[in-house]
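Protein chains: 2
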Amino acid sequence: MSSSKTRVQGFKFASRSAGIKKNGKFDLAMIYSEKPARCAGVFTTNKVLAPPLVVSAGRIEKGLCQAVVVNSGNANACTGSQGLKDALRTGELAAASLGIGEDLVAVSSTGVIGVPLPMDKFESHVPLLAKELQADNADRLAEAIMTTDLFAKTSSRKGRIGKRDYTILGVAKGAGMIHPNMATMLGFVMTDVEIDSGLLQTVLKETVAKTFNAITVDGDTSTNDMVLLLANGMSGAGPVVADSPEAEEFTRLLHDVLLDLAKMIVRDGEGATKVVQVLVKGAVDDDQARQAARTIATSNLVKTAFFGEDANWGRIIAAAGYSGADLDQDRVEIRFDDVAVVEKGLCVGGDWEDKASEVLRHDEFTVTVDLKLGSGSASYYTSDLTYEYVKINADYRT
Amino acid sequence: MSSSKTRVQGFKFASRSAGIKKNGKFDLAMIYSEKPARCAGVFTTNKVLAPPLVVSAGRIEKGLCQAVVVNSGNANACTGSQGLKDALRTGELAAASLGIGEDLVAVSSTGVIGVPLPMDKFESHVPLLAKELQADNADRLAEAIMTTDLFAKTSSRKGRIGKRDYTILGVAKGAGMIHPNMATMLGFVMTDVEIDSGLLQTVLKETVAKTFNAITVDGDTSTNDMVLLLANGMSGAGPVVADSPEAEEFTRLLHDVLLDLAKMIVRDGEGATKVVQVLVKGAVDDDQARQAARTIATSNLVKTAFFGEDANWGRIIAAAGYSGADLDQDRVEIRFDDVAVVEKGLCVGGDWEDKASEVLRHDEFTVTVDLKLGSGSASYYTSDLTYEYVKINADYRT
Chain A
1 MSSSKTRVQG FKFASRSAGI KKNGKFDLAM IYSEKPARCA GVFTTNKVLA PPLVVSAGRI
61 EKGLCQAVVV NSGNANACTG SQGLKDALRT GELAAASLGI GEDLVAVSST GVIGVPLPMD
121 KFESHVPLLA KELQADNADR LAEAIMTTDL FAKTSSRKGR IGKRDYTILG VAKGAGMIHP
181 NMATMLGFVM TDVEIDSGLL QTVLKETVAK TFNAITVDGD TSTNDMVLLL ANGMSGAGPV
241 VADSPEAEEF TRLLHDVLLD LAKMIVRDGE GATKVVQVLV KGAVDDDQAR QAARTIATSN
301 LVKTAFFGED ANWGRIIAAA GYSGADLDQD RVEIRFDDVA VVEKGLCVGG DWEDKASEVL
361 RHDEFTVTVD LKLGSGSASY YTSDLTYEYV KINADYRT
Chain R
1 MSSSKTRVQG FKFASRSAGI KKNGKFDLAM IYSEKPARCA GVFTTNKVLA PPLVVSAGRI
61 EKGLCQAVVV NSGNANACTG SQGLKDALRT GELAAASLGI GEDLVAVSST GVIGVPLPMD
121 KFESHVPLLA KELQADNADR LAEAIMTTDL FAKTSSRKGR IGKRDYTILG VAKGAGMIHP
181 NMATMLGFVM TDVEIDSGLL QTVLKETVAK TFNAITVDGD TSTNDMVLLL ANGMSGAGPV
241 VADSPEAEEF TRLLHDVLLD LAKMIVRDGE GATKVVQVLV KGAVDDDQAR QAARTIATSN
301 LVKTAFFGED ANWGRIIAAA GYSGADLDQD RVEIRFDDVA VVEKGLCVGG DWEDKASEVL
361 RHDEFTVTVD LKLGSGSASY YTSDLTYEYV KINADYRT
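Chains as they are written, first to last, in the working numbering: chain A, 1 to 398; chain R, 1 to 398.
Next up, chain A with everything else stripped away, as it sits in the complex (with noise of 0.2 Å):
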């Protein structure tokens, strides 16, 4: 299901250590397609949005991407005006080397904020990169947009329309500071199948919304998120309309690629040892079903009792009480995985702590909600709360 090695028809890529990160790793990729491609693009709700963003979602709107130029180990974020110079001479470097222009050209950062682009390293390696591009080298752009990450996240799709075969490639990064609205969450989407641009948008926002936009590590959000999606044709597959099997089928991918990446941030949460899906059933609707998994998700003392392998279920409904969402808490039940620990609002009693307990030690499992009001329900995916979260955040720039 994900390949490191999975080519896109006409999309090409490349990767530098350009000593952007003190650590000599990968820190500077390109992403290419060689004929334009249409483009969708979800950014941060953060009302401090990084320069690369302002640039970016700019020319997204328009429709035609070519090429992205994205960098680790600096956001670009609260740099001012410098900021804006610094991305926007980014993506003239790029423009110039590929002989495209500029306008086809989207930058984006991630690493720390507050500090100036170190523009001499950009000068000197983006045009290397327009040198290096080759087609199967997506699994060096996806260690290239690490920063706390501890594994590269890629993971792609086939689909086929009529005889022709089109892939859906994705690659993210994310570990730290993940919560709705993608915090500090880079995400890059190469399709080769052919598609309308205001259908390619529907789509990715409809499909953020349910797989990146579903995860939370520590309820923060950031400055620098964004996920584009780059469908550029060349397959031959296509075109794919709104409205049609072929479009209901290219979402369905697409939201299992998002999904799949989704799911790694979660596990790569910063000291994360568990991922914790947490579905809520039977609420009066679909929002309040999201609202009220997305606070038992978020909840500290919920993710250090998963920590501790403790099936504290009273943690759990006090935050469904808070959440906001509509609750009867004498109709309440709560399973893990399949062990059933509260019915109607009490807990079963019985073996129940030592059953529960069980499914606790695993690494991964399911908790279900069921407020048995309505017919709403969401999915959110969340991490547990460690030791290691507070010593990576407690020493993250020293």
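Don't read these hints as lab results, they were simulated from the structure. Only true hints are included.
Intra- or inter-copy, both count: the list cannot distinguish identical chains.
Derived DSSO-like pairs: lysine-lysine, alpha-carbon spacing no greater than 27 Å straight-line: (1) K355 <-> K21; (2) K391 <-> K263; (3) K22 <-> K355.
On a predicted model such as this, the values are computed, not experimentally measured, just so you know.
Fit chain R to the given chain A structure using the hints.
Okay, now just chain R, sitting in the frame of chain A:
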């Protein structure tokens, strides 16, 4: 400002070790007023309401209260109809022992969720409490309501009307799960001033909003929180009526008592090593200032940075950015105590980090975020997020 031997005319207290807690510490207490007191209450906003709150809220609403029975070690929450019977029976036992009406007794519980109260212990110990009431025993009340608290919390102030002195004495408990809307927080305030019930409720609500509801340890809100204020008029000072200088003075003194207690709760926050005031100024209005201050104060990334003594203003500005408050990133100013770190959204440069790190080494300091948009301001008090927090909450029930 806080003395455990403080007396309030006509109030008596008793505490016992009834065996509800396994460690043999005080776990059951009674507050008694020689005359029925006018009363006011603020209760949790959690939709999962523990039975003692259901019973007490109904009685407090009627405006008179003469006794309170409170236990720690068991929250009597998520205990269904048995829990309701047990809460009622506790009140009945107290009323019979004291020879007063049941409607004049409030009950309150804190501790583990989902386990029925050990009523045999209440049957035998509540009548004994009634016989052990003493006027100078509030310090033992403060002990009896502790759960994960490391120290007992009391505070008092004296006021004067004409030639008569009056006293306000508060006791509180709370260490973890502390967030706006009084998570796992109990507060009992006794005063011997004479004051109208309606005014009492207004003043309590106002002051709780600025004190107990302006602190955060871990963002969770519990099923059991309540603050009760009893005024028996027995000092002869008063009556305090609305819109008078006496009402203003009483409000100020009550605020000071509650703020003392609220800060003690933050200082006692599970695993906390620092108490940080997050002051947001220059917001469009006070509500937006509160929203931004709360978001910054609740951010795990900000709180771990405090623990790491890392002047990570990037996390602070990012939290302000996703708080929902209006914000122009080019105007924001940030200070650690008197050390300016960010001006017009940019780092001031120079030796800011040395100076700011010096401030962060203190165990109490203020972070000021000035949005430079309007005149709205609000403060939140928070603790750092530490290894110890994770340890305490991963192990709580085991």
